[in-house]
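Peer 1: Listed below are the residues making up each chain.
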Amino acid sequence: MEAFRQIGWLIRKDLALQFRTKDMLALIVVFSVLVVLIFCFAFGPIFPEKLEERGKLAASVLWATFLFAGTITLNRSFDIERANGALHGLRLTGIDASYLYLSKVVSIFVFLILLEVIVTPITLQFLDVITVLPVALQEQLPWLLLKLIGVLAIGTLGFCAVGVIISGISTHTHGKESLLSVILLPLTFPVIMAGAKCTVSLLTTGGLGGNFWISVLVVYSLVFLASSYLLFEFVVEG
Amino acid sequence: MTRTQLVGVLAAIFLFVAIYFVFSFAEIETTMLEVQKIFYFHISSALTLFLAFGVTCLFSILYLIKRVDKYDTIALVSTEIGIVFGVVVFTTGPIWARFAWNTWWNWEPRLTSALILWLTYIGYLILRSALAEEKKRVYSAVLGIISFLNVPIVYFSVELWQGGLHPDTTTKMNLPPTMQIAWLISWLALILLYLFLLMFRYRAEQMKLELDTIQYQQMGES
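Note that the protein sequences, when read in sequence, are chains G and V.
What the first sequence shows, in the working numbering, is residues 1 to 238, in sequence order.
What the second sequence shows, in the working numbering, is residues 1 to 222, in sequence order.
Everything labelled a hint here was simulated from the structure, so no lab data went into it.
Hints should not be assumed to be uniformly reliable.
Simulated DEER-style distance windows between Cβ atoms [stated by the list, open to error]:
no.: 1; chain 1: G; residue 1: H174; chain 2: V; residue 2: W104; range: 35 to 43 Å
no.: 2; chain 1: G; residue 1: F41; chain 2: V; residue 2: I181; range: 22 to 30 Å
no.: 3; chain 1: V; residue 1: T2; chain 2: G; residue 2: A64; range: 50 to 58 Å
no.: 4; chain 1: G; residue 1: L15; chain 2: V; residue 2: F99; range: 38 to 46 Å
no.: 5; chain 1: V; residue 1: W107; chain 2: G; residue 2: V219; range: 53 to 61 Å
Beta carbons: idealized from backbone N, C-alpha and C, even for Gly.
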């Protein structure tokens, strides 16, 4: 119970820092919308007619946007901890490194999910995906959106799981912003790929198209979470 | 003769033997003819690459447990050699693909995932060069372990999803006997080459450390 209480406090602290000024959320939302707009300009104004093509386009835009936004968020998350030795202060309270890891993953996850809830409908609207969907799917639009956010959430969890540990490492380097993305993007490739495949399937058929890709997505997210959880202690020891 | 030299000589002998077996002993494949000979070095390099990254992962774990610098050095040099074998895979692959699939490069599962795996390990080397000395070893070990998690998805990519052009992982077990022998010998030759390079690079890395220590001492004296 004590563990949950401590993790809860740490999450509260992180979320309070994130949302107190609203700067970060505003910045990331604006950034994400800009990325989506650039894609719209590149592919538009007339998007592919076929549902399958449009679904692929929307899925790739969504995932690319959230990857960029996620990388920026992760970069910032450890800056706050490193500044003024806040991390050492936290460690001096006797808190376990794994609690610190879990709380970071959860707080960044919550932040990114919020972003995804805001940006996903905007993207679908901008790319005009909804009008090409079959009527049966259009009638169940809220349900489809929910499933879409669900898939994005599992992918985001896998991304945050590795992202937190890598950003913990990269804050110690010179040129950390570019380094984080160079290491993180190839590492999270199984999650991104499986997530993108599930998203395409959802946007074109409304279903996941079998259990295969969703299994890869869930398994890899959990494997990343478990291995990073075990290794995080080594990252904060110094 | 030192052990490194012995392994080097063995690797050289086996490479020549492998060339003999590949070109004179193994039968010629019926559809691709001589071009198929690339197979023996392409697949063996790919398997050696997995072996090299496996060694990196293993020694990274050992380093985190025991904190012996030697293990970290082995993990580093194994990654470097793995990347070199990656270059061999990505050079022989397109040459073969040009004749077998009529294209130099194709975005099929194994190619794409292998390229991303290779980039992951280049990221490992970049990270190492950007870290301060005291953090370098621990952080590299952590990354060496996490990076290995992507190896299964590359190895099983052909079975995992359809649409690939690479044959599945059991194909190499069902080859005609002459081809199988030639393949096993060429793989053994490349493993020996890997071992030789590992020992050679390890020694070089040790010497670099010794040199650093001497220079540091001299700076202290002056």
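Peer 1: Which numbered conditions among the earlier hints are violated in the structure presented, ordered from lowest to highest?
Peer 2: 2, 4, 5
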